[in-house]
Amino acid sequence: MRYMVLLKAPQATTPPPPELMEAIMKLGEEATKAGALLDTAGLYPSAAGAKVALAGGQLSVTDGPFAEAKEMISYALYQVRSKDEAVEWTSRFIKLHRDHWAGWEGEAEILQVFGTDDHA
Amino acid sequence: MTATDPRRATHRAIEAVWRIESARLIAGLARLVRDVGLAEELAQDALVIALEQWPEAGVPDNPGAWLMATAKHRAIDVMRRQDRYARKLEEVGRDLEVQQRSAGPDLDAAIDDVIGDDLLRLVFTACHPVLTVDARVALTLRLLGGLTTGEIARAFLVSEPTVGQRIVRAKRTLTTKRVEFELPPPAELADRLSSVLGVVYLIFNEGYAATAGDDWMRPSLCEEALRLGRILAGLLPQEPEVHGLAALMEIQASRVRARTGPAGEPVLLLDQDRRRWDRLLIRRGLDALDRAEALGGMLGPYALQAAIAACHARALAPEDTNWERIAALYDVLRHVSPSPVVELNRAVAVGMAFGPAQGLAVVDGLTSEPALHDYPQLPAVRGDLLAKLGRLDEARGEFERAAALTRNARERGLFLARAAAP
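Chains as they are written, first to last, in the numbering used here: chain A, 1 to 120; chain B, 121 to 542.
Simulated from the structure, these hints should not be mistaken for laboratory data. None of the values given here were measured: they were computed from a predicted structure. No residue lacks a Cβ here, since even glycine has one placed at the ideal position from N, Cα and C. Don't take every hint at face value.
[Unchecked claim] Partial list, computed: chain A residues near chain B (C-beta under 8 Å):
1. Lys8
2. Leu38
3. Glu85
4. Leu96
Sequences are here, hints too, so could you generate the full structure?
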């Protein structure tokens with residue numbers, strides 16, 4: 001089963017501590033070596049992006065930043081045997097924020113990707 | 121959105137932790153107690169203790185380290201009670217002391233290295249040539265994949281006691297043959313690695329051969345094999361054939377969604393809807409193939425097969441396929457890893473690259489091959505080439521023969537349809 005994990009948090013006013021980035025790299029390496037992590041990357045703030053929308057038959061293009069309270073921070077793509085396994089890897093990822101970035105708050109959404117192996 | 125019941129959430133977390141940590145746990149313990157069977161029992165004991173304690177105390181912050189510490193305590197308890205393990209206890213005590221003494225800022229890195237080596241030892245032990253191939257497969261899925269005996273049985277369509285017996289016998293063989301929990305000596309590395317890669321590819325093919333209606337554990341063997349292949353690529357990054365096998369499996373797996381039709385019927389490679397191919401797996405496969413190539417491994421049998429699969433993966437439409445390159449790669453492969461099936465595949469490629477008459481000449485060299493006597497693909501390929509040459513009566517006969525030989529009902533349907541309209 002494949003899962004897409006999206007990390008969302010309010011736009012931070014300071015850059016993430018280097019210890020956090022180091023710990024994230026280490027966890028990423030571990031998950032890759034475990035054969036679970038297929039792909040991951042950080043995302044620039046939405047100010048660098050754009051939105052294409054369809055409403056009332058009208059196509060519109062708007063430059064970022066988006067109005068949402070939370071920014072999309074990063075994504076990760078996991079191949080695991082169960083949702084619980086994706087939850088466990090994601091919990092480890094979130095714990096790193098708790099341990100290395102005082103006061104940080106945010107959330108990760110875990111979404112299953114369509115595929116042939118969609119057995120319950 | 122519903123909040124999850126905490127006790128149930130803990131149980132599910134324990135299962136996930138087990139799945140992630142069990143191989144490393146067993147590998148680390150096996151180095152300490154120098155017995156894979158005992159290591160697995162100790163790891164299971166630690167799991168049972170976690171199931172008792174975590175629902176009350178919560179999941180520890182570093183569950184892997186918790187399980188390892190708990191299992192080590194169990195190891196010491198068990199050995200104290202068993203005289204025959206007195207010598208091992210001494211060794212464990214010594215190892216623990218050494219570990220405590222070396223505690224320092226680099227300990228994490230040191231432990232990571234050791235874990236990598238331990239996992240590799242576990243891989244080579246589970247795939248040891250003293251074991252039968254069936255035993256290697258079962259032990260690999262059990263110790264490295266964290267699968268239960270029941271799951272392995274369902275995946276291979278055999279009974280649970282059969283798999284249980286196989287694993288018990290395998291562990292006993294490792295003990296009686298005095299197989300050390302060690303990495304193979306350099307002189308044996310190539311042969312031992314080829315045994316490991318063979319086991320992983322066998323697991324992959326077992327899953328790939330699964331058909332609609334099979335228990336879902338069967339196709340999930342492909343995922344298990346891919347995962348093992350990715351783990352091996354991390355453990356042995358300098359071995360080109362490890363990347364070759366990973367590339368081959370990633371590219372083959374990229375076609376899983378396209379290779380069966382709505383009714384579960386097989387769809388041949390050239391008839392597949394390529395938009396359904398998994399681009400992420402193709403990209404990963406091509407990257408792995410690049411690594412094999414950069415390491416000078418283009419003559420390895422897995423890298424060669426991956427290179428052939430990559431020719432199809434790179435072609436966005438069937439008519440873009442570089443058949444000359446495929447035919448050339450098969451020509452190398454038949455020297456590196458000769459087999460009648462490789463030669464038959466070469467015939468197909470030659471037929472596509474240089475015309476059906478040339479392909480037929482290759483096939484006709486195979487008709488007296490005993491290994492292909494009952495192989496339905498031989499008349500099927502011959503029939504296809506004859507049809508392209510306009511020799512329709514002969515083609516019809518070949519497809520009828522192919523239909524009579526295959527044991528797969530859906531494939532028979534495919535051959536009979538060709539026989540009716542060659």
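Tested hints:
| no. | hint | in the structure |
| --- | --- | --- |
| 1 | Lys8 | violated, 15 Å |
| 2 | Leu38 | holds, 6 Å |
| 3 | Glu85 | holds, 4 Å |
| 4 | Leu96 | violated, 11 Å |
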